[in-house]
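A.B. asks: What follows is the residue order along each chain.
Protein chains: 2
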Amino acid sequence: MKDMSPFKLLMPCEKALKEILNAIKPIERTERISLEQAVGRVLASDVKADMDVPPFDRSAMDGYAVKAEETFEASQFNPVKLNVVGVLHAGESSDKPIKKGECIRIATGCPIPPGADAVVMMEFTEEKNGIAYILKPVHPGANIARKGEDIKKGEAILKKGDLLSPAKIGVLASLGHKDVLVYQKPRVAVISTGSEIRDPGSPLEKGQIYDVNSYTLTSILLENGASVTRSPIVPDAIDEVRSAVLRYLDHDLIVFSGGSSVGERDVLVKVVEELGELIFHGVQIKPGKPTLFGLVEGKPVLGMPGDFMPE
Amino acid sequence: MKDMSPFKLLMPCEKALKEILNAIKPIERTERISLEQAVGRVLASDVKADMDVPPFDRSAMDGYAVKAEETFEASQFNPVKLNVVGVLHAGESSDKPIKKGECIRIATGCPIPPGADAVVMMEFTEEKNGIAYILKPVHPGANIARKGEDIKKGEAILKKGDLLSPAKIGVLASLGHKDVLVYQKPRVAVISTGSEIRDPGSPLEKGQIYDVNSYTLTSILLENGASVTRSPIVPDAIDEVRSAVLRYLDHDLIVFSGGSSVGERDVLVKVVEELGELIFHGVQIKPGKPTLFGLVEGKPVLGMPGDFMPE
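Read top to bottom, the protein sequences are chains Z and S. Positions 125 to 435 (the working numbering) are the ones given, in order, by the first sequence. Positions 125 to 435 (the working numbering) are the ones given, in order, by the second sequence.
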């Protein structure tokens, strides 16, 4: 029996993937974009904290900034009385040190005034005629969010190559970055080939079917962060396929879909062999056996079967 | 001890979520968009197949279209000889019926010519001087992808409300749709409030910190398919918060972040109670206890704590 199969040696799937990963190079082009559009993008430089977060000791509660040791004897039945010498609303701060017997009413987030080393929660106090009655002792440091507690100045906080999740976007915002250097999205050209393929929206003639694969491939690529050029459908002729490869060499990856018949598959094989290097043709996977991969001028070219019919 | 907690009754988290889901309404605005941009969007109408996919019986293989019964006796040592009366390359079709003793060479994807009821794979044939030698029997229907095998004409194939995955995009393409009616993205306004909050990129003065939450919330919303307006930072004053609510009532959801101190939290509570209905304030979750939810002119307003410090 004559063997007409063009796949002399099918490559195991894991090896095929390895070959692809060995052959491709990471994107090196970068761009600076607004932080609010950066989710899902890839950081292109290490980020060191150039400030502490929070940048100062902050009150973690609404309450009274006190010297903790003055509250040690406080209880509901024996409140400690402190003079309220100031009030800090949100966004306000005070440089005036509090002295023995004094306290300052403070809102969550305000800097702890000098002289104070703890905050008593509002719930455990009463205030009358400028006197705060402290009903519960606090330890030094109570209800204070320490300077640098979230991020220490000088800390290497994010790394080149990090995928920017909402949490990492928040880290950059907390350090005052309003924009961020990211890698450009990979540019991928998706090309359906086939003389029987028509673009959706045009009428079908006898023997023709609609192009499905360039739409599904484009969708998968968009979901995974690529920038996609969907090419007009290319006939299976060798000159047309060669022109398409050359036309899209400014992209980072060229994906062909189609050429489901042996003759058609040969067209892309020939073009890749002629213009560059064919790395594999035929993978131990079903459907998908006729998948091919090669490099043309260093650019990866992937040929996917157009048809997922049994083979 | 005086109870100054503003949260008289913390709502269990599941109940809070239920209240939110009860109060919100699905988006009804639709738009027609290009199929290649539709991945991740939500279909706004049922889709019925108005054609069969494939639209005709197709060859699933490169080979020879034959009358199956003529091959029943074929073997490698006793090939059946058939006259090759035509060749169908990809995209071609033939209306001429094949007769007894005849076959047509056919490429994958071509319509099965009249008179033929099976395809013999190229691998199990040889051709010489216009005669095909069939080396293996095939049963009727062998290597044929039947008309309507993937999708039957008239079938309700996609439903209003379906999330458009790459596979569903492919279904729409196979039916010839070049655009698709989807629901518009929900429009969400994200507003950070707080007198101590500054936008990243501006210098910090004493007691100030950078706005983190509007960036993380915006990122989470973008990742989940919303269209986001990030508002400039709004001071905690009641007039400013009221204006902000009114300004963004053309959105589908207004999310406030901030007002971490009791006084500030009260501002949004008062505004929501004044302009609409407060549904809950205080949830049994940490961090996040001071979360509030209400409706203003039917629009959901969510108040998130600005600070995730321990409470």
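The set of hints was computed from the structure by calculation and includes no laboratory data. Please note that the accuracy of each hint is not assured.
Each pair may be met inside one copy or between any two copies, as identical chains are not told apart.
Unchecked claim - In the DSS-like style, the derived pairs of lysine-lysine whose C-alpha atoms are separated by at most 27 angstroms in a straight line are:
1. 413 <-> 149
2. 309 <-> 292
3. 220 <-> 205
4. 139 <-> 271
5. 142 <-> 271
6. 413 <-> 260
This one's a predicted model, so the numbers in the text were calculated from it and none came from an experiment.
A.B. asks: Please go over all the hints and tell whether each is borne out by the structure.
C.D. replies: Going down the list of hints, with the structure as the test:
1. Taking CA atoms no more than 27 angstroms apart as the test, residue 413 paired with residue 149 passes inside one copy only; the shortest distance there is 25 angstroms, against 47 angstroms between copies.
2. For the identical chains of this complex, residue 309 and residue 292 are neighbours both inside a copy (19 angstroms) and across copies (25 angstroms), given an alpha-carbon limit of 27 angstroms.
3. For a Cα distance limit of 27 angstroms, the shortest separation of residue 220 from residue 205 inside one copy, 20 angstroms, qualifies, whereas the shortest one across copies, 107 angstroms, does not.
4. Taking the shortest Cα distances, residue 139 and residue 271 never come within 27 angstroms of each other, neither inside one copy (51 angstroms) nor across copies (37 angstroms).
5. Taking the shortest Cα distances, residue 142 and residue 271 never come within 27 angstroms of each other, neither inside one copy (47 angstroms) nor across copies (38 angstroms).
6. For a Cα distance limit of 27 angstroms, the shortest separation of residue 413 from residue 260 across copies, 23 angstroms, qualifies, whereas the shortest one inside one copy, 74 angstroms, does not.
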